[in-house]
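Novice: All chains, full assembly: derive it from the sequences and hints.
Chains as they are written, first to last, in the working numbering: chain E, 3 to 443; chain U, -6 to 189; chain R, 9 to 626.
Hints listed in this document are in silico derivations from the structure and should not be mistaken for laboratory results.
Quick reminder that beta carbons are idealized off the backbone N, C-alpha and C, glycines included.
Hints may contain errors.
To be verified - If you want the footprint, here are the derived chain E segments under chain U, 3+ residues with CB under 8 Å: (1) 102 to 114; (2) 145 to 158; (3) 183 to 189; (4) 216 to 229; (5) 321 to 329.
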Amino acid sequence: MSKPGKYPVRIPRKTLNRCFFMLLVLILTLQFQEVLGVQRFPRPEFESGYVQPETLQPSARSGVLAIVDVLILIISLAVVSWLVIKRRSRLLVFWFSLFSLVYFGFYRQGCICSIGAIQNVTLGIFDSTYIVPITVIAFFILPLVFTLFFGRTFCAGVCPFGAMQDLVSFKPQKLGARMNAILGLIPYIYLGLAVLYAATRSDFIICRYDPFVGIFRFDASFGMFLFAGALLISGIFIARPYCRFICPYGVLLNWVSRFSWKHLTITPSNCIQCRLCEDSCPYDAIDMPVTVKNPETKSATTRKFILICLLVPFFTLLGGFTTSRIHETLAKVNRKVALTNMLLETSNNKDQPESIDVTTFKSSGKPISQVYSEASLVLKQFYTGSWILGCFLGLVIGITLAYRMVMIYRTDYIPNKGTCFSCTRCVDYCPVERNNEGLTK
Amino acid sequence: MNRRRFLTTGIRASILAGIGGAGAMVASKAGAEQLVWQLDPAKCLQCGRCATDCVLTPSAVKCVHVYAMCGYCDLCGGYFKPDTKTLTTAAENQLCPTSALKRKFVEDPFFEYTIDEPLCIGCGKCVKGCSSFGNGSLQLQVRHDRCVNCNQCSIARNCPADAFSRVPLSKPYLLKQVNEESQAAELTGKKGSSDE
Amino acid sequence: MMKTNDNRNVETHRGASLAQWIAVIAAIFAMVLSILIIVNYIQVKRADPLNSVALRAMIERLHSNPGDDALRQDIRTLDLLARKAYFTSQWQIRMGGYLLFFSVLVVVICLKSMELMQKTIPGMPAGGRPDPWHLRQTNRMWVAYTGIAIVIISMLVVFLTHQELGKTLDARLNEGNISNVSNAGNANNAGNEGNEGVEAMNGGGGGGANGADSAGINDKLVGGNTLSMDGYPTDGEIAGNFPSFRGPGGNGIAFQKNIPTSWDGKSGKNIRWKTEIPLPGFNSPIIWNGRVFLSGASETKREVYCIDINTGKILWSKAVEKITGSPTQVPKTIKETGYSASGMTTDGRRVYAIFANGDLIAFDFDGNKVWDKNLGTPLNHYGHSSSLVMFHDLLIVQYDQRGSGSVMALAGKTGEVVWQTSRSVKISWASPVIVNTGKRTELILAADPMVVSYNPANGKELWKMNCISGEVGPSVAYADGVVYAVNDFSKLSAIEIGDPPKLLWEDSDYLSDIPSPLATGKYLFLVTSFGAGVCYDAKTGTKYWEHEFETPVYASPVLAGGKIYMLDKKGLMHILQADKTYTVVSESPLGEGSSCTPAFSEGTIIIRGDKNLYCIGK
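Specialist: Encoded structure:
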């Protein structure tokens, strides 16, 4: 920045050396205190024609490329939706998902992704100083909009996580109603926690515990590699374990997809109940025909349904109450609360060695009461937040129970609009041709 | 069935409106500019976590030398271990664990210090030495040719000094610079007092 | 036909078995690799070659025995080995990772191609269809069980861990409130030693313990009056921000560091951003935690703005309207005052703004209105211009108007009036100043005919001195136990606080009617609105230097980083050394006229020009 010629005075060498000597003495006697932005040693004036090197500042990935990413996302969503709804080709969807895996995964290294964007949007809503980049909003919104129109085509061929797991699902097993019920609740919990932690400005847990991003980067912590390995190996037998039982964005897509305008159908025309597609779906996402009568009497079912509906507020409150009891445990993720905890521990237990956080805090000269008051404020946020989180979970469980009471009679095999990833595997199993004339010929 | 279809369409429209509304709400204060992570050397306490907590190995945080601030000292607090007796480049004298800080003679009594970035692990030992004994010309910075710009920087989360923040892409570095005027004034002041 | 089909079958079979073999070999290779990588990782983790204990011990030994050349050689060898070990293992893990990836890729490709080659024709699933009702019931039951399990786990967590952090913190905070002030004060002193401003704020040395006592007393007083408290910022937090007109307490001193000294609004040099403020106003910006607040008003509209200091984006802008009791007709003001001349203030929880028509409003940091009220249209022929200031959680409002002057404190959280003290003074335009004398905190106001000090906790008058007259515009300055009050066509007085207060010295050569004076422990700086500057000895009144700036000055000078920042009306910032000799550090043009006092944040200055808000910094 500064050029030697700019100095108004030229200091004689002798003075300079004297200054140097004095400063060295000062250092050796350690009488020095740190003052920021003050030059202790004047910049030398070189006589040998030495040219000062520039300080290199390599620039980051250009912002234009981020817009290119959004464009590619839009094109990919459109292409996959077309392949799923119009072309109905498993093979093409598969090849396109490989492209997405390479581009959004290995080339873009999984950041920013739609799953993580939940947290940016949440933080943007709760923290008015945080300005969400417009590209991140696009990554959050576009898949939802496409899902509302065409079902979860984002999962089918755009999301690199799904593509990666789809690659390894060689021997998918049916999980059964029990496992699906238990594991199916995890995404709701994960989504709730992610929103809670993002809203309290504590952490982005979705990104922190992102198993696949380490593979895309060829670099991650040891633990995350283990997690990724475990997921992929279990993925051989349980198809798409992350998508079905972890992915918090999947929850949103599931809700939206239930009301999708044009969803993938197994058969292009009329279902002939041939049962061929029954085992085709590795995700248990095909709704079978319901023709048998409910073994229970209608009045008993109605009574049960009404009971559960009446219990939903109770579940909600119970969930809120329970979760609010552990808000302090939940809050420990927050840095301020963690620091406060450490400070209290060190003040209670003097023998313990101090952690870096405590030492650096002490050297910062901030008053301890400030940290305490900040932490107690965060705790209050967590109290409210955990009530809301618990209510949400209680509500989800209540509604799930009520929803499982009712069943619509149908004769056809149809994909479950909520859980179907639109992967089009089932399409290949259907013997019905595109138009019925084909059959007769 | 018709009623059912009507209901679905209604819900679909309201979801679309909801997504659009939420998007517009966030977008109303969205910035077109991308944000990248950077650490403020003025806040940095050189705790050493930049070396260990980055998702990359070695870390994307590296030591950067602002040559314009450097005093080119012979006894460099960033290069030598605190109680070094002989000022040579011998291994036992060097503070840098990977020998990434290079020392080169320029002219009497000045030495130039450069950083071999591929070797630097971002531990900040030299930065600590330089800021406590020298001009603070060695500073830790996120190198954007390495940084993958995680959504949530894992160092930022653990930084005890809260030195990390998201900065606009167009100004991705937060290096401390010499304050030209104040330095000039300081020098004139010094001259004035020595004349007295 | 049959034959070719058979041939194809045979070929497919051959291809499939080849793929199978490759897959098996690659899988075994991958397994071995992953074991190797894990072992390597554990080894390096355990040895930690860059922080080798042995090496450190050897260097210690060398220090006690500097002549040992053999040891020296050993150290060098070991150091090289350690570094080699570190980089080699890094390389091994990386290369191993790539190899593992590619071997897994081979496995996947082989298995996928096998899958494609051996396409099986879908068959009928064995067995009958499971009963959907039964499945639903199982599913339902297990959802319920999982819900119960979650509740049980949460309860277990409650029983197994101590959920008492909140209570502990509240207890600590309650006992801590008493020692708060001294802690914060000491921390400040440690951080800014040699900075005269801090001494001025804390009333010199030895103020710590006394300050703590008085703060304790004040706490009780305030606690008795306000029913609902949600805390207030510590002195440390206040010093780290710029919460009111002329900084913390309105003392004219900013504690921020790395303040830029050179910029140019025209060329954009060191201008971080520039944002146009929709409505005009002469109030000076305030800063809290990276947010800049200011207000603007026209005859018909009143607005409060919150701006992000990093980007200059207006985070929110709120109209101040529909306030009960707000007059339908706006009082007449002159052009130089406008409708929004009073500076805002904040306690870190809410921001407060007041307008020429007496509208007073509190917003939280997200721009939600917390409370509002109208204090009654002030009878003021120029327009109300006194800025707001905070004391703990009390909002202090000077409301000197024709006929009935008063000063009041409102609870920041609710807007209730906690105390109100009437004043027998003429109208004044000066702002209240909060000072800490080391013994107690005082609220000081200047108006014709006197300078009065109040206890900010209850509004009781502490002392007063008849020494000022006319239409008082400048606020007082304070440093090291001495209050400086000045007004045009009156005089400049230096009053030493005490019982009774003592007039130290006075002068009438330089009299300001708009900019407030600026006091450090040693000097008093004063600039008149015509642009004549002077530096006095703070204790004796001896003039050290005088300087004609030749441009009118409306903004009050502020001390930051040992330098005086004085902005003239044309927007040229004069940066002077706070010294007995007149030394110009630099002069930097804003490129736009300004009448507002700048605000300071770490490494940046915020200046409100006539139209735009500027952020200056690197």
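Novice: Each of the hints needs a verdict: does it hold here or not?
Specialist: Tested hints:
1. Note: the stretch 102 to 114 of chain E has 3 residues with beta-carbon separation from chain U under 8 Å; the three-residue rule is met and the coverage holds.
2. Here's how the stretch 145 to 158 of chain E fares: 3 of its residues keep a CB closer than 8 Å to some CB of chain U, so the rule of at least three is met and the hint holds.
3. A count of 0 residues in the stretch 183 to 189 of chain E with a Cβ less than 8 Å from any Cβ of chain U is obtained; the coverage claim is therefore unmet, three being the minimum.
4. Residue count for the stretch 216 to 229 of chain E with a Cβ under 8 Å from a Cβ of chain U: 5. That meets the three needed, and the coverage hint holds.
5. For the stretch 321 to 329 of chain E, the proposed coverage by chain U is not satisfied: 0 residues have a C-beta within less than 8 Å of a C-beta in that chain, short of the threshold of three.
Consistency with the previously given hints fails for numbers 3 and 5, ordered from lowest to highest.
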